[in-house]
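> Sequence:
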Amino acid sequence: MIEVKHLKTLQALRNCGSLAAAAATLHQTQSALSHQFSDLEQRLGFRLFVRKSQPLRFTPQGEILLQLANQVLPTN
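With the numbering used here, the residue at position 62 of the sequence shown is 62, and numbering never jumps.
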């Protein structure tokens with residue numbers, strides 16, 4: 001199940017461009033954020049972003065989920 005925190009994190013990833021910067025913005029550790037997304041990706045059955053890509057690049061599925069997040073939540 002996707003939670004509001006996941007949607008907010010997707011928005012932070014887009015705005016910040018990296019997992020480390022998004023983690024700092026959200027007052028979390030990079031490790032915690034990485035684990036959160038690994039768990040979510042496993043439950044969804046697809047990757048949300050390309051790891052080891054600078055700046056961070058969303059997969060097509062991640063882009064769709066980000067668009068939905070922007071419709072549901074106010075953008076920062």
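These are calculated hints, taken from the structure and not from any lab test. Be a bit skeptical, because a hint or two may be false.
Computed beta-carbon distance windows for the label pairs [to be verified]:
| hint | residue 1 | residue 2 | range |
| --- | --- | --- | --- |
| 1 | 72 | 46 | 18 to 24 Å |
| 2 | 42 | 74 | 26 to 32 Å |
| 3 | 24 | 53 | 17 to 23 Å |
| 4 | 25 | 57 | 15 to 21 Å |
| 5 | 54 | 32 | 26 to 32 Å |
| 6 | 60 | 38 | 16 to 22 Å |
| 7 | 61 | 5 | 14 to 20 Å |
| 8 | 64 | 29 | 15 to 21 Å |
| 9 | 52 | 74 | 19 to 25 Å |
| 10 | 47 | 5 | 17 to 23 Å |
| 11 | 3 | 29 | 17 to 23 Å |
All C-beta atoms in this analysis are idealised placements derived from N, C-alpha and C, irrespective of residue type, glycine included.
> If a hint holds in the structure, say so; if it doesn't, say that too.
Structure-based check of each hint:
no., hint, result
1, 72 x 46: 18 to 24 Å, "holds (19 Å)"
2, 42 x 74: 26 to 32 Å, "holds (29 Å)"
3, 24 x 53: 17 to 23 Å, "holds (19 Å)"
4, 25 x 57: 15 to 21 Å, "holds (18 Å)"
5, 54 x 32: 26 to 32 Å, "violated (21 Å)"
6, 60 x 38: 16 to 22 Å, "holds (19 Å)"
7, 61 x 5: 14 to 20 Å, "holds (19 Å)"
8, 64 x 29: 15 to 21 Å, "violated (27 Å)"
9, 52 x 74: 19 to 25 Å, "violated (31 Å)"
10, 47 x 5: 17 to 23 Å, "holds (19 Å)"
11, 3 x 29: 17 to 23 Å, "holds (18 Å)"
Hints 5, 8 and 9 from the earlier list are contradicted by this structure; the remaining hints agree with it.
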